[in-house]
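Enquirer: Letter by letter, the chains look like this.
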Amino acid sequence: NAGVTQTPKFQVLKTGQSMTLQCAQDMNHNSMYWYRQDPGMGLRLIYYSASEGTTDKGEVPNGYNVSRLNKREFSLRLESAAPSQTSVYFCASSEAGQVGNTIYFGEGSWLTVV
Amino acid sequence: GQQVMQIPQYQHVQEGEDFTTYCNSSTTLSNIQWYKQRPGGHPVFLIQLVKSGEVKKQKRLTFQFGEAKKNSSLHITATQTTDVGTYFCAATMNNAGNMLTFGGGTRLMVKP
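These protein sequence lines map, in sequence, to chains A and B. Here the first sequence is numbered in our numbering, starting from 1 and rising by one per residue. Here the second sequence is numbered in our numbering, starting from 1001 and rising by one per residue.
Some hints could be false.
[What the hints assert, rightly or not] Derived lysine to any residue pairs resembling SDA-like cross-links, with alpha carbons at most 20 Å apart:
| no. | chain 1 | residue 1 | chain 2 | residue 2 |
| --- | --- | --- | --- | --- |
| 1 | A | 57 | B | 1093 |
| 2 | B | 1036 | A | 38 |
| 3 | A | 14 | A | 86 |
| 4 | B | 1036 | B | 1067 |
| 5 | B | 1036 | A | 107 |
| 6 | B | 1059 | B | 1093 |
| 7 | B | 1036 | B | 1059 |
| 8 | A | 9 | B | 1042 |
| 9 | A | 9 | A | 102 |
| 10 | B | 1057 | A | 63 |
| 11 | B | 1036 | A | 5 |
| 12 | A | 14 | A | 57 |
| 13 | B | 1056 | B | 1042 |
| 14 | B | 1036 | A | 44 |
| 15 | B | 1111 | B | 1064 |
| 16 | B | 1036 | A | 57 |
[Claimed, not checked] Calculated from the model, a selection of chain B residues having no Cβ within reach of chain A, i.e. all distances over 10 Å:
| no. | residue |
| --- | --- |
| 17 | 1044 |
| 18 | 1050 |
| 19 | 1054 |
| 20 | 1067 |
| 21 | 1090 |
No lab work stands behind these hints, which were simulated from the structure alone. We put the CB at the ideal spot given by N, CA and C, even for glycine.
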């Protein structure tokens, strides 16, 4: 049982380049999330998908887009990367909405924008 | 800005000493969750507190939810090197939907 799998694990981008972070979960969860983690800032929600077919902005959505491809997969796209987007990105999922539900995190994607 | 403040940001302890991290909010919280992240790893769920004044224990870890549901604490008794990592609280605010807001985390370092 893999849980939440995200790729790539490491990526270096040049300013202005685009890329997509892929995420898949095999727990049949309804809700999926993308967070970024910066030193001293904890985890900040970028976008989430409460259920298949829906997506909503989180706390820091600017510069990102998401796609809930199906129940298993939720991708995060950076259309024109900026150095401020250098961060560790975590995909996560939960059975339903976050209240009362355990969130399961992927192992993280380390992104550097130069 | 952050609505959930976590202190301290860092803590160095000698192995065997106790450790406490605190999570505070000016807003009443619906519930609070605690996560642990090992260095280079990902956050892993530890526990959820829902009721006012609730106290839960997991071996050497004691979690507490304040009576006013505006603060919470995690206390580790007799720390071990395996306790090293960053501890995050994550809370749902009343009347703020279902999303969790994470505290900034407390990084625990244990000297053997």
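Enquirer: The structure should be examined with respect to each hint, and the outcome stated for every one.
Expert: Right, here's what the structure says about each hint:
A distance of roughly 17 Å separates the Cα atoms of residue 57(A) and residue 1093(B); the hinted pair therefore holds under the 20 Å criterion. A threshold of 20 Å between alpha carbons decides the hint, and for residue 1036(B) with residue 38(A) the separation of about 16 Å falls inside it, so the pair holds. A C-alpha spacing of about 11 Å is found between residue 14(A) and residue 86(A), which places the hinted pair at or below 20 Å, so the restraint holds. For the hint linking residue 1036(B) to residue 1067(B), the alpha-carbon distance of about 24 Å lies beyond 20 Å, and the restraint is violated.
The hinted pair formed by residue 1036(B) and residue 107(A) meets the criterion: a straight-line CA distance of about 13 Å does not exceed 20 Å. A hinted pair counts as satisfied when its Cα atoms are at most 20 Å apart, and residue 1059(B) with residue 1093(B) does not qualify at roughly 28 Å. At roughly 15 Å between alpha-carbon atoms, residue 1036(B) and residue 1059(B) fall within 20 Å of each other, so this suggested pair holds. Among the hinted pairs, residue 9(A) with residue 1042(B) is consistent with the structure: their alpha-carbon atoms are about 12 Å apart, no more than 20 Å.
For the proposed pair residue 9(A) and residue 102(A), the alpha carbon gap of about 23 Å is over 20 Å, so the pair is violated. A threshold of 20 Å between alpha carbons decides the hint, and for residue 1057(B) with residue 63(A) the separation of about 41 Å lies outside it, so the pair is violated. Distance check on the hinted pair: residue 1036(B) and residue 5(A) sit about 19 Å apart at the alpha-carbon level, within 20 Å; holds. Only pairs whose Cα atoms come within 20 Å are accepted, and residue 14(A) paired with residue 57(A) is rejected, the gap being roughly 25 Å.
Restraint check for residue 1056(B) and residue 1042(B): not satisfied, since their Cα atoms lie roughly 23 Å apart, outside the 20 Å limit. At roughly 16 Å between alpha-carbon atoms, residue 1036(B) and residue 44(A) fall within 20 Å of each other, so this suggested pair holds. With a CA separation close to 26 Å, the supplied pair residue 1111(B) and residue 1064(B) exceeds the 20 Å bound. Only pairs whose Cα atoms come within 20 Å are accepted, and residue 1036(B) paired with residue 57(A) is rejected, the gap being roughly 25 Å.
Consistency note on residue 1044(B): stated as away from chain A, yet its beta-carbon is not over 10 Å from all of that chain's, at 7 Å minimum. Against chain A, the non-interface label of residue 1050(B) is violated: not every CB pair exceeds 10 Å, the least being about 7 Å. Every C-beta of chain A lies more than 10 Å from that of residue 1054(B), the closest at about 14 Å, which supports listing it as non-interface. Every CB of chain A lies more than 10 Å from the CB of residue 1067(B), the least distance being 21 Å, so the non-interface label holds.
Some Cβ of chain A comes within 10 Å of the Cβ of residue 1090(B); the nearest lies about 8 Å off, and the non-interface call is violated.
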